[in-house]
Structures are given as C-alpha cells and as structure tokens.
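Trainee: Sequences and hints are given; from them, build the entire structure.
Those protein sequences? They're chains A and B, same order as listed.
The numbers in UniProt numbering rise by one with no breaks, and the one at position 75 of the first sequence is 75.
The numbers in UniProt numbering rise by one with no breaks, and the one at position 62 of the second sequence is 62.
What the hints contain is simulated information worked out from the structure, not anything from laboratory work.
Mixed in with the good hints there might be a few duds.
Claimed, not checked - With a cut-off of at most 27 Å between alpha-carbon atoms, the simulated BS3-like pairs for lysine-lysine come out as follows:
id : chain 1 : residue 1 : chain 2 : residue 2
1  : B       : K361      : A       : K69
2  : A       : K41       : B       : K111
3  : B       : K75       : A       : K10
4  : B       : K36       : A       : K41
5  : A       : K60       : B       : K75
6  : B       : K75       : A       : K41
7  : A       : K44       : B       : K36
8  : B       : K310      : A       : K52
9  : B       : K183      : B       : K161
10 : A       : K22       : B       : K310
11 : B       : K62       : A       : K22
12 : B       : K310      : B       : K111
13 : B       : K161      : A       : K60
14 : A       : K44       : B       : K183
15 : A       : K52       : B       : K36
16 : B       : K183      : A       : K23
17 : A       : K60       : A       : K73
18 : A       : K44       : B       : K161
19 : B       : K361      : A       : K10
20 : A       : K52       : B       : K317
21 : B       : K75       : A       : K69
22 : A       : K22       : A       : K10
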Amino acid sequence: MDVTKVLDAKGLACPMPIVRTKKAMNELESGQILEVHATDKGAKSDLAAWAKSGGHELLKDTEENDVLKFWIKKG
Amino acid sequence: MTVNMMSAHEVTQKVFNKEELFILDVRNEDAFADWKIEGENFEYLNIPYFDLLDGVEEILEKIPSNKEILVVCAKEGSSVMVAEMLSEAGLTVSYLQGGMKAWSEHLEPVKVGDLKDGGEIYQFVRIGKGCLSYMVISNGEAAIIDATRMTDIFVDFATSKEVKITNVFDTHLHADHISGGRKIAEQTGATYWLPPKDAQEVTFEYAALEGGNVVTVGNTPIDIHALYSPGHTIGSTSFVVDEKFLLSGDILFIDSIGRPDLAGKAEDWVGDLRESLYSRYRDLSEELIVLPAHFMIIDELNEDGSVAEKLGVLFAKNHGLNIEDESEFRRLVTENLPPQPNAYQEIRETNMGEITPEEEKQREMEIGPNRCAVR
Numbered sequence: 001m002d003v004t005k006v007l008d009a010k011g012l013a014c015p016m017p018i019v020r021t022k023k024a025m026n027e028l029e030s031g032q033i034l035e036v037h038a039t040d041k042g043a044k045s046d047l048a049a050w051a052k053s054g055g056h057e058l059l060k061d062t063e064e065n066d067v068l069k070f071w072i073k074k075g
Numbered sequence: 001m002t003v004n005m006m007s008a009h010e011v012t013q014k015v016f017n018k019e020e021l022f023i024l025d026v027r028n029e030d031a032f033a034d035w036k037i038e039g040e041n042f043e044y045l046n047i048p049y050f051d052l053l054d055g056v057e058e059i060l061e062k063i064p065s066n067k068e069i070l071v072v073c074a075k076e077g078s079s080v081m082v083a084e085m086l087s088e089a090g091l092t093v094s095y096l097q098g099g100m101k102a103w104s105e106h107l108e109p110v111k112v113g114d115l116k117d118g119g120e121i122y123q124f125v126r127i128g129k130g131c132l133s134y135m136v137i138s139n140g141e142a143a144i145i146d147a148t149r150m151t152d153i154f155v156d157f158a159t160s161k162e163v164k165i166t167n168v169f170d171t172h173l174h175a176d177h178i179s180g181g182r183k184i185a186e187q188t189g190a191t192y193w194l195p196p197k198d199a200q201e202v203t204f205e206y207a208a209l210e211g212g213n214v215v216t217v218g219n220t221p222i223d224i225h226a227l228y229s230p231g232h233t234i235g236s237t238s239f240v241v242d243e244k245f246l247l248s249g250d251i252l253f254i255d256s257i258g259r260p261d262l263a264g265k266a267e268d269w270v271g272d273l274r275e276s277l278y279s280r281y282r283d284l285s286e287e288l289i290v291l292p293a294h295f296m297i298i299d300e301l302n303e304d305g306s307v308a309e310k311l312g313v314l315f316a317k318n319h320g321l322n323i324e325d326e327s328e329f330r331r332l333v334t335e336n337l338p339p340q341p342n343a344y345q346e347i348r349e350t351n352m353g354e355i356t357p358e359e360e361k362q363r364e365m366e367i368g369p370n371r372c373a374v375r
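Mentor: Take a look at the structure:
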C-alpha cells in the first residue's frame, strides 16, 4: 500500500486520535492514504464512523500488541 | 458560560426523581443506538463528537435554552471538549464525570425493607446496566447476593454499617456481568455459595448452594431459604429472605421473565423455566416481595428507585406468567429472542475462573445493556 503519511496517535485518549487524524487528513490530497497508529480502544469504532461520515474510505485495520493500525484513503 | 461536572450519582437521582434533562450524547451512532442513559423525562440528541470538531454552531438551535444540558461520551474526554465549545458559545452545560464507563459501573444503594429482628435489606441498583445486587444485614453480619465486579462498594457499605460480611451468594452463573462474589469472599473470609449445577467447570472452591439450604445471617435467625428454580440456567436458585422477600435471580423480573438460551440450551431448559415459574413459584405466598437480579426498562423502577413488587401482583400483571398454552410459552422464550449480551461467553468463562481478563478488558466486556429477559 502506498502510504503518504503516518500518524502516531499512540497513548492519546479520546478525542485526540480523531482530532489529530482529521488535521493530518486536511494536509492530504484526495486519493492519498493516511496510516494511523493508536492505542485507545475506542478509536476503532470511532475512526470507522468518522471516515464514513467524512466520505473517506477505511481500507484496512489491524490490531497487534495493543496497537491499532488504520489505513484511510482520503475521499 | 460555565462548564460543570455531573456525577453518575447525580444523574441517578434525576432518573429516580423523574427530573428533566437534555442529554447531548456525542458517542458514535451505533454506540448510542445500542445503549444510552435512560430517564422518563430525558430528551436526547446524538451527534458524534467527530462531527463537531469544526464547531458547534450547527447544533445550537437544537439545544433547548430552558433545560439542564448534560454532554455524555464513552470515557469523558470528548464530552469535556464539546461542553467547552458549547460554553464558549454562551451555554451553561455539564459533562458526565467518567462518561458511560462510570455510568456502567455506578451502584446506587436503596433500602428496600426492614427485617423482623431489626435488620435491613438493601438493593444496589446498577442503573446504567440494569443489574441488581442485595445486602441482607442483621445483628452485625451481612450477606451479599449477586454482587457486581465493583466489590469496594459492597465492602465499604458493610464497613459503614459496622457489619461483617459472612456469606456471599450468586443465584446462578451470570452471563451478562462479571460477578464480584468470589473476590469479596476471598477478601473478607466469607463463604462463597454457588449452585453446583452451574459450577461444574469452575476452577475454584465454593460452597454448594442447593434447594433446601438455610443460611442464617446474624445471631437471631434471619433465614435465607434456597429454592431451586432452574430455567435461566440449570442451577438457578431463588432465595426467600425472612419469609418476606423473594430474591428471584434471573428467573422472574418485574415486567419480563428470564431467557433460557445464554448457555446454549434454550430447548433443554424451557421446560424447567416453565416448571419454576408456573409450579414452584405458584406454591409460594403471593405476599412475598419479588426482588429480581435485573431490570430491563426504566419503567420497572418504583418511585424511590427500587425494583420490587409483590409476587401476587406479578402473577396478575406479568405477561410471562400468564401464558396458558405451553407451546406458546415455548415459542416466546426460544424464538425471536433479543441479541445476547455483549461478550456473554467470555463473561461466563470469567465467572467460572477459566479466564482472568485485566480490569480494562472486563469493563469493555460488560459494555451495553444486560438483555437477560424475554417479554
């Protein structure tokens, strides 16, 4: 996957992972991919819902050693 | 204007007193649809916090100016952010301290009655999740029934009443919440009672709770009579306390009855459920006050916040006790059942001692409503 930017949001509590993701997304062009790392469990459902409401596409998400990773394509 | 913090206790009092409250729930839509703070005179607006990052102007007109406003999220952080934005826009609002996590864990003790020798019985209302626990107090001793995982609340309450916890019971192996029974027993040296038919796979020592057991609390006899009443689980046991209170576990609720499917055996247990409700309970005094282990809807709360009703009233009014046709009863409790409680298999395994998840994981497993009943 051709990732344009990686955002480290580990250790941040809600709402910061989404606040940072939104900010990082603003700097991308449509079609570019943002990779997000987070540890807040709530980020999983919230990022999915946020991406949907913002017209972005959540391509993939994984969970390894308590780190959640997301790949979001800007809409 | 200002941002205030509101505790789960304060919100609980508003539920009990049927006060008005406008709740702005900023969790995502799925979470809100699944589970929220219920109150008879509460109004709701659900806008996820991530749709408000650019400002709250668009929702200002949807927020009433004549009502108290409470902003709610999962763990508090997002509700503080939104409350501050609303405050900057000129509103006076509160946020829920600890969010839905605290709401799920809050227990409100309510006295439900006096015992013959001067003792008392308390109900611990877990308002956010609908679980009900009990403490029977008599002559310096206490027994706890169906304790939740927030064990400090029970232990501290017993300390404040200057009583020693001597017996801890679970009416059955719970599938909707993690029991605190074993932990309290270990901490206080009390005896932990479990029905052996529900405990075949447990990994720890317990005292076998069987129909006909009588456990005395205090010096003068406040007897707890165990009554075998299978159906929700094969071991489900009810208690008659002081010949006055019927602790019905998850067999009989105020406005519904227990579901028989949470251990995967609906077909096997439906006959037991019918036998317990339509035969064993029929033999009891209609004057007994039923104290269940759950409530499902806020309408089941009495004016003082307690959940209690005479058995005779339930025989007259509870739909689940008034289905004459056995096959219709069978259909009600085995078909079209509500979704099963969140993580119910893992919760059962935890209560059997097979797994020991970390506290944060336990909290997550319990998120959501209890869903132990069929109506």
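Trainee: Which numbered hints does this structure break?
Mentor: 2, 8, 10, 13, 14, 16, 18, 20
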